[in-house]
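Trainee: In case you want the letters, here they are:
Protein chains: 2
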Amino acid sequence: MAENAPLLNQLIDALKLLPGVGQKTAQRMAFHLLKIERERSLHLGKVICDAVERIQNCKTCRNYTEQTECAICQDRTRKRSQLCIVESPTDLLAIENGTNYKGLYFVLMGKLSPLDGIGPEHIGLDLLEQRLQSGELEEVILATSSTMEGEVTAHVISELVKKHGLTTTRLAQGVPVGGELEYLDLNTLSQAFDTRTEY
Amino acid sequence: MAENAPLLNQLIDALKLLPGVGQKTAQRMAFHLLKIERERSLHLGKVICDAVERIQNCKTCRNYTEQTECAICQDRTRKRSQLCIVESPTDLLAIENGTNYKGLYFVLMGKLSPLDGIGPEHIGLDLLEQRLQSGELEEVILATSSTMEGEVTAHVISELVKKHGLTTTRLAQGVPVGGELEYLDLNTLSQAFDTRTEY
Chain Y
1 MAENAPLLNQ LIDALKLLPG VGQKTAQRMA FHLLKIERER SLHLGKVICD
51 AVERIQNCKT CRNYTEQTEC AICQDRTRKR SQLCIVESPT DLLAIENGTN
101 YKGLYFVLMG KLSPLDGIGP EHIGLDLLEQ RLQSGELEEV ILATSSTMEG
151 EVTAHVISEL VKKHGLTTTR LAQGVPVGGE LEYLDLNTLS QAFDTRTEY
Chain X
1 MAENAPLLNQ LIDALKLLPG VGQKTAQRMA FHLLKIERER SLHLGKVICD
51 AVERIQNCKT CRNYTEQTEC AICQDRTRKR SQLCIVESPT DLLAIENGTN
101 YKGLYFVLMG KLSPLDGIGP EHIGLDLLEQ RLQSGELEEV ILATSSTMEG
151 EVTAHVISEL VKKHGLTTTR LAQGVPVGGE LEYLDLNTLS QAFDTRTEY
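Going down the list, the protein sequences come from chains Y and X.
Counting from 1, one number per residue, gives the positions in the first sequence under the numbering used here.
Counting from 1, one number per residue, gives the positions in the second sequence under the numbering used here.
What the hints contain is simulated information worked out from the structure, not anything from laboratory work.
Just so you know, not all the hints are guaranteed correct.
What the hints assert, rightly or not - Pairs of lysine-lysine, DSS-like flavour, derived with a Cα cap of 30 angstroms:
1) X:K102 / Y:K59
2) Y:K16 / Y:K79
3) Y:K79 / X:K162
4) Y:K16 / X:K16
5) Y:K59 / X:K24
6) Y:K46 / X:K162
7) X:K102 / Y:K35
8) X:K46 / Y:K46
9) Y:K102 / X:K35
10) X:K162 / Y:K24
11) X:K163 / Y:K24
12) X:K79 / Y:K16
Here the structure is a predicted model, which means the values were calculated and not measured.
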């Protein structure tokens, strides 16, 4: 096939860049893109180029945006005394969609992981330090994930926040809503049991 | 998120064009494209545009190519008396990789399916008729799939070929190599039993 359609091969190879896409799926995607209206496939190609060239990190919260400061940071109706710290834009999205939180965010774009060489400088802790110094904040909500790295990250940030005398909170841990006890992992169950609240 | 990063949203929406990609996967792909080296993501976008703009159907066999005639049709070392008829470029690829067939191809780019409005004009039977009239051919190999539509397509083409007095062959049906009899569907088993060959 190589000498038959190098461009088709290039397309298949390039599609393998996408996460979870191997040779077979890339082939299927390539043929699909060639089969449907060319206009729509062309649009996909153009949007990828456009997005990759123009989307950058917000100068205040590090979230993805095509402006220098994202819309959430620019939104003056939001509560500027609360700062919720998340690992990724997806987590921010989940909190925006699933809660009625109206404060600001700080997106780490990762989590501390010394083994992978990800240190404080990679997750923007210097920028966060500036935010903490601004005097605008009252509460810092640690919404990193409940994994080992997420906990370590939360711990390191909480130490940072303490220096500035602000309130630090962490998302509650316990039984997921709608969760059956018998299928719950033992760590969560034990944690939920120990931190039981009055009913 | 809409007002936060319209371009990011556009990217996520555009990625949903790919087969089997829903909202969650599109999100994951979009963030992945923004996370890795921008050069590589840009390359993907450019290759999609380039491929969609330049890849067309070979004027002789209808396979995808960026030239007017594909490399297989141009290859003078291939046997020009054999024509293998396949439904799609993927099928052609499978035969190229899995057999030592050295003849030419004709790619239908679909199969007859009156219910979906796919008639003879959509699978290039007029172009195939011209090939049959060329006088170059001796054998036409029907390699359409073994589905209802594939069989109907094979039948219609075999009628067409008969008029020109050429040999028509069809891929053998039977037990797949390495296949366990107990898991084989009954139609295949019965077919294989009826067409058993001397050992």
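Trainee: Given the hinted pair X:K163 and Y:K24, is their alpha-carbon gap at most 30 angstroms?
Mentor: violated, 38 angstroms
Trainee: Does X:K35 sit within 30 angstroms of Y:K102, going by the straight-line distance between their CA atoms?
Mentor: The hint holds at about 27 angstroms.
Trainee: Next pair to validate is Y:K16 with Y:K79; report whether the Cα-Cα distance is within 30 angstroms.
Mentor: violated, 42 angstroms
Trainee: CA of X:K162 to CA of Y:K24, is that 30 angstroms or under?
Mentor: Roughly 36 angstroms separates the two Cα atoms, so the pair is violated.
Trainee: Measure nothing beyond the straight line between the CA atoms of X:K102 and Y:K35; if it is 30 angstroms or shorter, mark the hint as holding.
Mentor: holds, 27 angstroms
Trainee: For a C-alpha distance cap of 30 angstroms, please report whether X:K102 and Y:K59 respect it.
Mentor: violated, 60 angstroms
Trainee: Taking only the CA atoms, is the gap from Y:K79 to X:K162 under or equal to 30 angstroms?
Mentor: With Cα atoms ~79 angstroms apart, Y:K79 and X:K162 exceed 30 angstroms; violated.
Trainee: Holds or violated: are the alpha carbons of X:K46 and Y:K46 at most 30 angstroms from each other?
Mentor: holds, 8 angstroms
Trainee: Holds or violated: Y:K16 and X:K16, Cα atoms, limit 30 angstroms.
Mentor: holds, 16 angstroms
Trainee: For a C-alpha distance cap of 30 angstroms, please report whether Y:K59 and X:K24 respect it.
Mentor: Status holds; Cα separation ~27 angstroms.
Trainee: Going straight from one Cα to the other, do Y:K46 and X:K162 come out at no more than 30 angstroms?
Mentor: violated, 48 angstroms
Trainee: Hey, X:K79 versus Y:K16, does the alpha-carbon distance stay inside 30 angstroms?
Mentor: violated, 34 angstroms
Violation of the numbered hints given earlier is confined to hints 1, 2, 3, 6, 10, 11 and 12; the remaining hints are satisfied by the structure.
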